[in-house]
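Novice: So the chains spell out like this:
There are 2 protein chains.
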Amino acid sequence: MKRTCEGLCPRFQEAMEVLAKPWTGLIVATLEDGALRFSEIGARIAAIGDRILSTRLKELEAQGVVRRIVHPGPPIRVEYELTPAGHGFRAVYEAIAAWGSALAEQQKQAPEPE
Amino acid sequence: MKRTCEGLCPRFQEAMEVLAKPWTGLIVATLEDGALRFSEIGARIAAIGDRILSTRLKELEAQGVVRRIVHPGPPIRVEYELTPAGHGFRAVYEAIAAWGSALAEQQKQAPEPE
Numbered sequence: 001m002k003r004t005c006e007g008l009c010p011r012f013q014e015a016m017e018v019l020a021k022p023w024t025g026l027i028v029a030t031l032e033d034g035a036l037r038f039s040e041i042g043a044r045i046a047a048i049g050d051r052i053l054s055t056r057l058k059e060l061e062a063q064g065v066v067r068r069i070v071h072p073g074p075p076i077r078v079e080y081e082l083t084p085a086g087h088g089f090r091a092v093y094e095a096i097a098a099w100g101s102a103l104a105e106q107q108k109q110a111p112e113p114e
Numbered sequence: 001m002k003r004t005c006e007g008l009c010p011r012f013q014e015a016m017e018v019l020a021k022p023w024t025g026l027i028v029a030t031l032e033d034g035a036l037r038f039s040e041i042g043a044r045i046a047a048i049g050d051r052i053l054s055t056r057l058k059e060l061e062a063q064g065v066v067r068r069i070v071h072p073g074p075p076i077r078v079e080y081e082l083t084p085a086g087h088g089f090r091a092v093y094e095a096i097a098a099w100g101s102a103l104a105e106q107q108k109q110a111p112e113p114e
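If you read the protein sequences in the order shown, they are chains W and Y.
For what it's worth, my numbering labels the leading residue of the first sequence as 1, then goes sequentially.
For what it's worth, my numbering labels the leading residue of the second sequence as 1, then goes sequentially.
Bound-form chain W, shown alone (with noise of 0.2 Å):
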């Protein structure tokens, strides 16, 4: 039997061109404890850029991650939380961490074969 691609695997796929981008794990848990203007989560972020966050940030809300909020003024403020699917990305990171410590602990005890 081939195996292709078929069933949850598309959802899987999708799941991880969000998950694999630099800094998204990091902008998704700046926003966990709610929303935030842009210079707020710039700040909250040591070493990323405005432009990398920039692009992020439109990305995560394209993707269903993020939304933007704007505030009519004057002064109009924006703002950007997660959306009932992006709370969910807490659960991903647990697994995919408990995964990673799990492969820590099997390269300890498999050392390289000679």
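No lab work stands behind these hints: they were computed from the structure.
Hints may contain errors.
You can't tell identical chains apart in this list, so a pair holds if it fits in one copy or across any two.
Unchecked claim - PhoX-like cross-link-like pairs, simulated, lysine-lysine; straight-line CA separation at most 25 Å:
(1) K58 - K21
(2) K108 - K21
(3) K58 - K108
Got chain W; can you put chain Y on it based on the hints?
Specialist: Relative to chain W, chain Y alone:
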């Protein structure tokens, strides 16, 4: 408070490096039922080339996901099987796929703003 990659975060990154590569998911899924020879893995995965399969198997071995078993012959027979940690991939796959479904649902509910 500035956030950087601390605590569980390196484990997340390490696991993501494994997960994000093309074919990894299918190769691991194919080995879930038991040990297989190289040619058997290739025969079960549509469209994967021998060279890329060989590269992925070496990486998965180095990362503690897959174990290479040499049955002394004659003739020598080489098989690949999941390590105990490798079997943990299933839980990760399901968490990620479930999140992918939630994101797809979210995108339907909130179409792109004008």
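Novice: Now tell me, hint by hint, if it's right for this structure.
Specialist: Against the structure, the hints:
For the identical chains of this complex, K58 and K21 are neighbours both inside a copy (13 Å) and across copies (24 Å), given an alpha-carbon limit of 25 Å. Proximity of K108 to K21 under the C-alpha cut-off of 25 Å is restricted to the inter-copy arrangement: shortest distance 23 Å between copies versus 28 Å within a copy. Proximity of K58 to K108 under the C-alpha cut-off of 25 Å is restricted to the inter-copy arrangement: shortest distance 17 Å between copies versus 40 Å within a copy.
Hint compliance for this structure: no hint is broken.
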